[in-house]
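Chemist: Residue numbers (the working numbering), protein chains in the order written: chain A, 1 to 539; chain B, 1001 to 1583; chain C, 2001 to 2100; chain D, 3001 to 3768.
Hints in this document: simulated from the structure, not taken from any laboratory.
Misleading hints may appear alongside valid ones.
[Unchecked claim] Simulated crosslink set (SDA-like; lysine to any residue; CA at most 25 Å straight-line): (1) D:LYS3058 to A:LYS134; (2) A:LYS134 to B:ASP1449; (3) D:LYS3717 to D:THR3734; (4) D:LYS3725 to A:GLY181; (5) D:LYS3545 to D:TRP3662; (6) A:LYS70 to A:VAL229; (7) B:LYS1225 to C:ALA2074; (8) D:LYS3223 to A:GLN476.
[What the hints assert, rightly or not] Here are the computed distance ranges between Cβ atoms for each label pair: (9) D:VAL3759 to C:ALA2074: 30 to 40 Å; (10) A:ASP131 to D:GLU3552: 20 to 30 Å; (11) C:PHE2013 to B:ARG1537: 26 to 36 Å; (12) B:GLU1400 to C:ALA2074: 20 to 30 Å.
[Claimed, not checked] Quick look at which bits of chain D chain B covers, simulated, 3 or more residues with Cβ under 8 Å: (13) 3523-3533; (14) 3750-3762.
None of these values were measured; they are calculated from a predicted model.
All C-beta atoms, glycine included, are put in the ideal place defined by N, C-alpha and C.
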Amino acid sequence: MEITEYITMLGNPLTVLILLPITGALLLMLVHWLGNDERREMLANPIRYTNLGIALLMFVLATFIGLEEKFGLAWGEYLYQNCEIGAVSTGSCTLISSIGVSWHVGIDALSFPMVWLTTLLIPISMVVEWDAKKGAYFHSLILMMEGALIGVFVSLDLFVFYVFWELTLIPMFFLILMWGGEDRRYAAQKFFIYTFAASVFMLAGILVMYFNNDASWVGNITGKSFDFVLMDTSTNFIEAEGLRSIVFLLMLIGFATKMPSVPVHTWLPDAHVQAPTAGSMLLAGVMLKMGAYGFLRLGVTLFPDQVIEFQTLLIVLGMVSLVYGAVVCLGQVNLKRMVAYSSVSHMGLIFLGVATLQPLGIAGAIFMMFAHGIISPLLFAVCGSFKHHYHTLEIDSMRGLAHHSPWMSAHMMVGWMGSLGLPLMAGFVAEVAILIAFYMAFGWWVLLPAVTLIVTATYYLWSMQRTIFEGGGEAQLPPTMHDEEPRDITWHENTGMLILGVLAVIYGIYPDFFGMFEMMSDWATLLVENAIYPPEVNP
Amino acid sequence: MNLGALFSSVNMASTLIPEWILLLGIVAIIIVPNLGKATFRLPVPGKAWRIPYFIGGKRFAFTSDPRLPSAIAAFTLFASFITALLSQMGEIGVTESCVAIRDGVARAGPEWCSDGSMILQIDAFSRLMGMIFTAALLLAVIANWDRLPATPHHRIALKTQRDEVVESRRLHRLLNNRRQVDFALLVLMVALGMSTVALSANLFMLFVGLELASMASYVLVSFNKETQIGPEAGVKYFIVGSVASAIGLYGISMLYIWNGDLSISSLRSSWADGPNGMATIGLGMMLVAFGFKVSAVPFHFATPDAYSGASGPVAGVLATASKAMGFVALMRVLIGITLADDGSEWTILIGVIAAITMTWGNLAALGSRNPKRMLAYSSVAHAGYILAGIAAIGALGPGEGSELIATAIIFHLAVLVTFKLGAFLVIALLECEGRGHELEHYHGLARRDPLIAISMMIFMLALAGVPPLAGFLSKLMMVSGIISSTVGDVAGSSLSETMDSLSWVFWLAILIFINSAISLFYYLRICVVMFYDETDRNLRLSRAPMIRIAIMFCTMGAIVFGFGILADVLASAAHDAALALFG
Amino acid sequence: MIEPSWIAGLGAFLFCIGLVGVFTRKNAIIVLMCIEIMLNAVNLNFVAGAAHWENIDGWVYTSIAIAIAAAEVAVGLAIFLALYSQRGTISLDEVTLLKH
Amino acid sequence: MGEHSKSEWNLLLPVGLMIFFPVIRHLLEFDAMESAFLIVAVPLVIFPAILILGQLSKGEDWWKNQLKEGGIVALAGLAITLSLTVWLIIEFYMGNEKLSQFEDDAGVLSQGVIFDWIQFEIFDGATLLGTSTLSFGLWIDSVSLVVLFVAAFLCFLICWFAIGYMNTDPINEDRNHRFFAEFVLFSMGMFGMVLADSFLWLFIFWEIMGLCSYLLIGFYWEKPSAAAAAKKAFLTTRVGDVFLMVGLFMLYDLYHSLEFAVIFGDPTLGGAVHGVDLQWPLFFMFIGCVGKSAQFPLHVWLPDAMEGPTPVSALIHAATMVNAGLYLVARMFPLFSEPHFEGDLSDLAMLIAWIGGITACMAAFIAFVANDIKRVLAYSTMSQLAYIFTGLGAACWFANEGYHHLATVAFGASLFHLFNHAMAKGMLFMASGSVIHEMHHAHDHAHGHDDGDHHDFDPQDMRNMGGLASKMPVTSIAMMLGSMSIIGIPLIGGFWSKEGIVGQAWNVYAHGGEMILFPAILVLATAGMTGFYMSRMWFMTFAGKPKSDVVEHVHEDTQWIKTPLVVLSIVTAFSGFILACGNFVHWLAEPYHYEPFGELLAHPIDAILHELEHAFLPEENLLKIVGWTAILLSAGLGPFIAARMHGGRLADGEEATPLTNWLISYSGSVGHTDVGDLATGGFATALHNRLYIDDAYEWVISRTIMPLATICAWIDKNWVDGAIKGIESGSQSTSTWLRQFTTGRASDYLLMATVGMLVIVGILWGVA
């Protein structure tokens, strides 16, 4: 292992995308910590701007990658890979080669939207919560999370994937614990333990996969490799059908919890309600997508037969999440909790989309990840501004806030409408795609998700009616305001929400903006052609 | 017995060089602090001719320095560690060699390795384990550098002026380097005993090493004899420990009656022909002794008491080096002697003990409010994980899978030194201000000292097995070994068929996962109180630079051995050791 | 000549006495004595083994075991003394500050 | 206002200039079809412009007085769209050479792809079926042109009206930009829906309209009733929309496309699609239509929607958006008329007619007792839309049963009624708005406060009006003409189309569709009921003595309000007749067979006589009887009873214009009936409560989904999450229990160890 090889490793743009924010954040925190009180005071703002600067730089980088590449890749092909398939665990890929762990990164049409979304949401969430207390740490933690999230999306080595998967928990844990609401202690612990507990099952699945992924030529201790591409390209990956099922189910536990799907969703409302605004935005915007991404990347790509075998299970999970989530939303009295459950409901559609095995459904599911990643942060930003400016999220304690906060109300309207699937907003594209495919695959069952859309509309409109509307000529302020003067959102919040709202509309009108839907659709087609119905079967 | 033969050539002498260094250190620590201006007055009348002979008298400044014994011990341990490392890398001495006693003469050299009279075996396994022991003890000594840690937390009420004088004398005595000498001496003896366990190729030899280390550690546990709980912990640990040793020794004696020879190679071949009842009982009794050392249920009860009575570093040593020693002994017996090709007799037994141990440990730790007891219970749980690995080895028989599991166990024992000992060192830091035994004492630690708090958090997360820390990698290797042992020959085209064909060991792996998740609860609680809860105590933590240095080493270790090139190096070394263990 | 098996049987008997003693007696010194009894049982076993196999190992083991037992007594009594100086008792029933 | 209303004409200059927009496009060598997308694009751009400018320059003089808080901008934009529409119509009618590249042999202009929305592959199992694109394009035929013209024309006029109506009310100050922005967005939705070339994009714009409807009904969001009404409107239509969406999915599954060109090009898809396959998709799509056009049983939102500002009611809830449902049914028409599906879809057609009949009658009944002037109009809207549904149902039935010519007539008549009704109802609402506006101002004037606070007085309640004919001559004339058109007074507006609908409904019966009998009777009866409630409204408002002192202060002077009324009055009065004579009905159904106005221009007298004969003396006896019954009921009996109950002469000294005076005199001369007993009867109470349908819905919802939601939330908290919490607390108590074994006594530890040893030895012994 030569030092130079590490330097080439750093030269890979994806590696940079992972390491830059993590090291940057750590350095900034260190710089802040080293100073005395006076220096810290002085450094607070520069550190904040540096954080934002790095985040924006990341966004620019990701955007360049998007502009540069069209992602018209063949199946199993990845861009910016740092090593060849045969060469895993050697050369620039070396990480823990003795057990077959390699630093293997790559990006394709499935991961690029997620990476871009991450780099987009991070600066926005920073801006929305620009005034956070102890911002040097707050923004640094967010930045750190960015690295971990991108790590999840671009790593092609399952060990590294899992490491980043869990690494995302730590900054989020601190964001909730240190900057959260009243009950943050419970929420942070629950969030961490619950998702960790679920992901260890996924790890068990990964390990079984690992032991069936022969890489004896590398000559390490086990003769196996964690490399995903190897698994994907090996002809007889895990021969025993039953074992494949077990692996699939184990991983499903991890992914379903992360997404989250009923009945393993209860960590989400607690985490969301207590998390700071930026935390909720990222939690809903990107972290939930990790589950769906993992499911598509590992579950569907590697175990297409199991997707067919457990189609019913997927549909039941998705359907129950969708319907039950929506109904539970209707019974919520806390605005953020309601929005959190709505995420559960929307994520249910992803399972439905995948279960169709149609490119349209799968592309719809991916677009749902993306669209929800734009819209739900907006929802949580709105909830955050309620909390920030009115100090409460109890729906029934206020009326007519549009009187004092027109901008906030406007954003609420945009977000709520986008989330309930209004056409010409991003969510609708996904819903339509998924449901069309769902009808084509399962026929009349589509009535259930369709009717749920009415429930969705109901709880959204009802909550709007009871918070920003009504109230007569004067707004009815919540008691938590005491005698404080009500005000509208700050310009930071406004900027962040505006960007998200505009993007939601742009992607509703033109889903192909920045090539998004096209690349998702291409990926889904390739998946169906090559994985679900591999060419031997396909006449 | 002629030891001179061991020095007959450079290579021969260097065979046991780390152990010789330990021995020299012990001698040095006995002699050096006693050096003083002692003189012998020549009996010449009228003349005051004095011949200095240095042993005794008013001691020199440096020999009465409280830091001296620790310095000697630390240097000794460090030298031992480095020589072991170098010889392992082939830089000095020999990488593989054996010591045998033939015709009353001790002989050394690779050619004796196949000889039946071999008593010590130098190979990758014993060297690596030796390094683990010395590293752990080295960190403990560094943490004890210039003080005996822990002003007792059960303070004596100072009612009168006289009490105060008495108390100050006590404190003075504490700072006197006599106590330090005792401490350092005991630590070195522990090191020597443990090294002997790792090296021994003979069960009785192993037992002698075990006893040496144990007895020194009994004293170390009760070292805080000024407190109410120190001696109590010592007594309990001592009594339970000696009974366990006695049972184990009885087991060994039964094996002797059965076989007539206690060398491991001889026992192995006899066992392969089929043990009789006496041998089986002997094995069971040895399991009791080693089970106590690794604190397996139901022999773990004294563990939390001993840990909470002992000072932080000592408890850390018990939880890492001492436990590792127990596992070395266990593996020597279970893997070296009794491992059968197709499922050993003890597989189910160890599997059950493992399951109970990890679950009991975790559940007990869950409600513990004393971090030291919590760590003790967590140590029990970790023993359960390793036992599960051993059970899987038993199910697998020798082979690649077993080697992997053994690699994982060795790796785990190695990295345990970083985070478990590190956690105890953080406790030691708090003990400097007489606290650390209540969860409340950790409140607001992040505000008082962020670096220590972050280190503690890293230790906790590593203990829980959160990536990318060392604890994760070790647990992952362990579980992957167990899984590999079960999924290799799984067949069945449907889910239920496959479920039936899965070996029961697979569920041990799942149980490990579930337990990891449970354990996260109490590990995370420490993190939460450090970062979340407020404290009215806004003093800075004690400076104690040496403890901090030791903690930083541990922190670094917990990170670098989890993810990256050093983890790779350590894993390879552990693999070599595992190969050596399997012969 | 006494059969080795008789010696071993005596050893087993002694061992059981010692084992029962350690958890029934409350006085630490007596417990220590019980441990000594157990170790003596071990010695008898080694002697019996040596007699049975007619090799010298057992005798060597016996003598070392005696040394170990002696060391154990020394260490044990020292710890008991420390306990007594602090708590004024060596009854195992009364030293229960550390529990749960 | 009054004095400087004259000087505000100059504000219209930019609006007037916009008329030249098509000219410029033409000079730039674009043709109408190429410019058609601008009809959607221009409002799309103007919407955010008004919103942002308005938010930024709120309260500034140039914005407030020069641009009327965005009103002028909106009007200018709508002028562009109107002029483009007219250009399109002219070119379409003239058969311009350059358009032929867009034309197919069915007389449809289409511009297939303007942009690709989403594109994907379709598989059947492992088989790749091909690539499918959901793209946006334009599709223009006679139906879309009519609806487009109605929309563009009314949008323009009502926007004009709104400048006068909205900007003079202090309650709207500083938020009119929101109104105009949403208004423009709505127009975008409407134009888009009409121009879309696929069912998907039709649906997308359909939903945009729904959003705008929601936003505009909730324009006074601080009023709880408005907020609730907005929600109700959105949700009720959403119910329909969701089913429409499902219908579209089904349709897509059949054709693998939602484009008109594909579906209408070969509805059988080469024999792969059968009529029965289409039953369910079309049924579900029809549910969407029911929701959007406020038909029974999804009609409950429309009366409440009157909470919105009156221009909104005029435009969205009377003239344009509610026609979307009709438009969609009209779009389904080619599927009904496909010969291969003959007989398969006639049940659905009958269902459409039934829904229409039931709604028509029910709404008319409720309108009998409504006192709110806008509610009367709202129920009237429902009723008239129901007429059109009945007509479309009849048309579809004919088409599906193979009576091609009759289908054409019924279809044309329905769309013709759509046109007439839209014009008349738009005007009626504006007139009612005028009344409400002036009543409101008069009330403020009379009671000396102008803060917009009038909860003690409802300016919309007709029981506060009466005798307004002399105060508001223009309004009263407009309202009279509009009412006549809706009632179907011979020769005026709606007469021509309504006659056709009623006649064709009965004609279905004559051709073997016995099931139509019930709706046919209902629509016939409703003709008379329409005569009653429309007349009642007019008489209560304009005739008789003033019923409150506020009336004294009413005067009518805002030019912004009067101009559109005048324009629409003229249109309402004459367009029906002209278009009827111009063979509009046939042209609508089959534009490529008939040349409108050709006959009329060539032989005017013959054409008019032919049409009159056709209307009053049709050859078939059934039509003759039905036609005359309808005329007698609507023009005779209904107004007569209304005049007896609510009519009366004006107060002394008041003089109405000659155009209305005859009617007031008539109402004063027919005597008086007191209906107090009837009005307090059980049926009247039920009507007042809208036949308890709203209550029933509310009851059902509050008894089913709401408790379910509460229960689910409870289950989630206590069971699903409770299980997790249970694990936690269970572990904690297990922990406490386990730790009790660590008693602290060494003897116990040793006992355990001994037991452990025995167990170990035992197990090993047993295994070995």
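Chemist: With reference to the structure, classify each hint as holding or not holding.
Modeler: Results of checking the hints against the structure:
1. D:LYS3058 to A:LYS134: violated, 37 Å
2. A:LYS134 to B:ASP1449: Holds - the C-alpha atoms of ASP1449 (chain B) and LYS134 (chain A) are around 16 Å apart, at most 25 Å.
3. D:LYS3717 to D:THR3734: holds, 23 Å
4. D:LYS3725 to A:GLY181: holds, 20 Å
5. D:LYS3545 to D:TRP3662: holds, 16 Å
6. A:LYS70 to A:VAL229: holds, 21 Å
7. B:LYS1225 to C:ALA2074: Holds, at about 16 Å.
8. D:LYS3223 to A:GLN476: This hinted pair holds, its Cα atoms lying about 13 Å apart.
9. D:VAL3759 to C:ALA2074: 30 to 40 Å: holds, 33 Å
10. A:ASP131 to D:GLU3552: 20 to 30 Å: Violated, since ASP131 (chain A) and GLU3552 (chain D) (Cβ atoms, about 59 Å apart) do not stay within the stated range.
11. C:PHE2013 to B:ARG1537: 26 to 36 Å: The hinted range 26 to 36 Å is violated for PHE2013 (chain C) and ARG1537 (chain B), with Cβ atoms some 59 Å apart.
12. B:GLU1400 to C:ALA2074: 20 to 30 Å: With a Cβ separation near 48 Å, GLU1400 (chain B) and ALA2074 (chain C) fall outside 20 to 30 Å, so the hint is violated.
13. 3523-3533: violated (count 0)
14. 3750-3762: holds (count 8)
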